[in-house]
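Trainee: Residues 177 to 513 in this note's numbering are what the sequence shown lists, from first letter to last.
No lab work stands behind these hints, which were simulated from the structure alone. The beta-carbon is built from N, C-alpha and C at its ideal position, and this holds for glycine as well. Any given hint could turn out to be false.
Using C-beta positions, here's what the derived DEER-type ranges look like [what the hints assert, rightly or not]: (1) Gly332 with Val494: 46 to 52 Å; (2) Tyr493 with Gln436: 40 to 46 Å; (3) Gln488 with Arg324: 40 to 46 Å; (4) Arg404 with Arg432: 39 to 45 Å; (5) Gln436 with Arg496: 46 to 52 Å.
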Amino acid sequence: MITGEGAREDDEDELPLEDDDLLEHAEPPPPDDETTAHRALGAEPHHDDAPTGRLAERLQRVAPTRRKSEGASSPQAAELYDAVVVPEWITLFAAPLLAHVPAGFRGQILDASAGTGHLSLELLRRVDAAARVVAIEPDTALLDLLRRRTTGAAGGQIVARAETPSALSFGDEVFDLVVAAACPAIADKQVAGELRRVMAPGARLLVSTPLRGTFEEVLDMMAEVGARRGGELVSRVAELRARTPDAASLATSLRRLGLQPVDVKVLERRVVFRSVREIFAHPIIAHVALADWRAAAGFESGGEEVLAEVEQAFATYVPRGPVPLTVQLGIVEAGRG
Numbered sequence: 177m178i179t180g181e182g183a184r185e186d187d188e189d190e191l192p193l194e195d196d197d198l199l200e201h202a203e204p205p206p207p208d209d210e211t212t213a214h215r216a217l218g219a220e221p222h223h224d225d226a227p228t229g230r231l232a233e234r235l236q237r238v239a240p241t242r243r244k245s246e247g248a249s250s251p252q253a254a255e256l257y258d259a260v261v262v263p264e265w266i267t268l269f270a271a272p273l274l275a276h277v278p279a280g281f282r283g284q285i286l287d288a289s290a291g292t293g294h295l296s297l298e299l300l301r302r303v304d305a306a307a308r309v310v311a312i313e314p315d316t317a318l319l320d321l322l323r324r325r326t327t328g329a330a331g332g333q334i335v336a337r338a339e340t341p342s343a344l345s346f347g348d349e350v351f352d353l354v355v356a357a358a359c360p361a362i363a364d365k366q367v368a369g370e371l372r373r374v375m376a377p378g379a380r381l382l383v384s385t386p387l388r389g390t391f392e393e394v395l396d397m398m399a400e401v402g403a404r405r406g407g408e409l410v411s412r413v414a415e416l417r418a419r420t421p422d423a424a425s426l427a428t429s430l431r432r433l434g435l436q437p438v439d440v441k442v443l444e445r446r447v448v449f450r451s452v453r454e455i456f457a458h459p460i461i462a463h464v465a466l467a468d469w470r471a472a473a474g475f476e477s478g479g480e481e482v483l484a485e486v487e488q489a490f491a492t493y494v495p496r497g498p499v500p501l502t503v504q505l506g507i508v509e510a511g512r513g
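With the hints as extra help, turn the sequences into a complete structure.
Mentor: Following this line, the structure appears as structure tokens:
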């Protein structure tokens, strides 16, 4: 077990991603001793030796899968999120949180980043029958899937609501446990402050989030391309890195908001893509990182060409798959103070 702020457990768990057609489930390969195979979907069929051209078209195709912070995704994008991002990304971030929830927990629970309900439903396997989970989700298309999944099946223990964590409608000090899986918004002072506000005295906050160093291999390649091209790409990549907190800076920020005690652990994981080409057109990347990569590349002024060059340079180093990318998985455990 990891202890102490910013402690790291170097773990070689790798999650291989497959590349079947959109919204078509594929049977996973049997897991071996070193990897955990999940059912997965890719953004488009391809071969490892396929050329890396037409990146702009592939980015356009995958762009609708990026989850919005407000409003609604399309029904297709919501289904794709549920079919791909949940089993291959959300479960990775939810599992460590579940391990921190004691069996038979009683009380009011807020799932502040519910998505389509994976963590909320898993919580019901651990908590007492008297516990109640309020699952909030601002994206109405994801919320519709969440409600369809939890109505009846959860025995009334899950209540789904359209809410954004930055402006909660709940009163003060109403939840005994607040959880959120794969929630980078915890670094936002407004969000963290709202979560603390609704925590009852003695309540706990359990949040997982990607930390600085996640997908570092791609950022390194972007910086290398920027050094060759000149211009602002190198500085934009540096700014992107700086905006993502590490364990120590995140813990300090949460303490300043009044949360005490605060412990941020780091688990190092790897997500494995079948090829470089798959990285830049996979729904997980679209959900987690593509918007930031596009901004760093300067998509308002020919950034498609920049990302295509990054992809080509990456393929020079790794001409054939698989390609593992690092994930620095932060686990926040905090009290209300």
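Trainee: Please go over all the hints and tell whether each is borne out by the structure.
Mentor: Okay, the hints, checked on the actual structure:
At roughly 50 Å, the beta-carbon separation of Gly332 and Val494 lies within the given 46 to 52 Å, and the hint holds. Hint check: Tyr493 to Gln436, Cβ distance near 45 Å, so the stated range 40 to 46 Å holds. A beta carbon spacing of about 43 Å between Gln488 and Arg324 agrees with the range 40 to 46 Å that was offered as a hint. Separation of Arg404 from Arg432 is about 40 Å and conforms to the stated range, judged on CB atoms against 39 to 45 Å.
Checked against the hint of 46 to 52 Å, the C-beta distance between Gln436 and Arg496 comes to roughly 50 Å, which is consistent with it.
Figure legend: structure checked against the earlier numbered hints; every hint is met.
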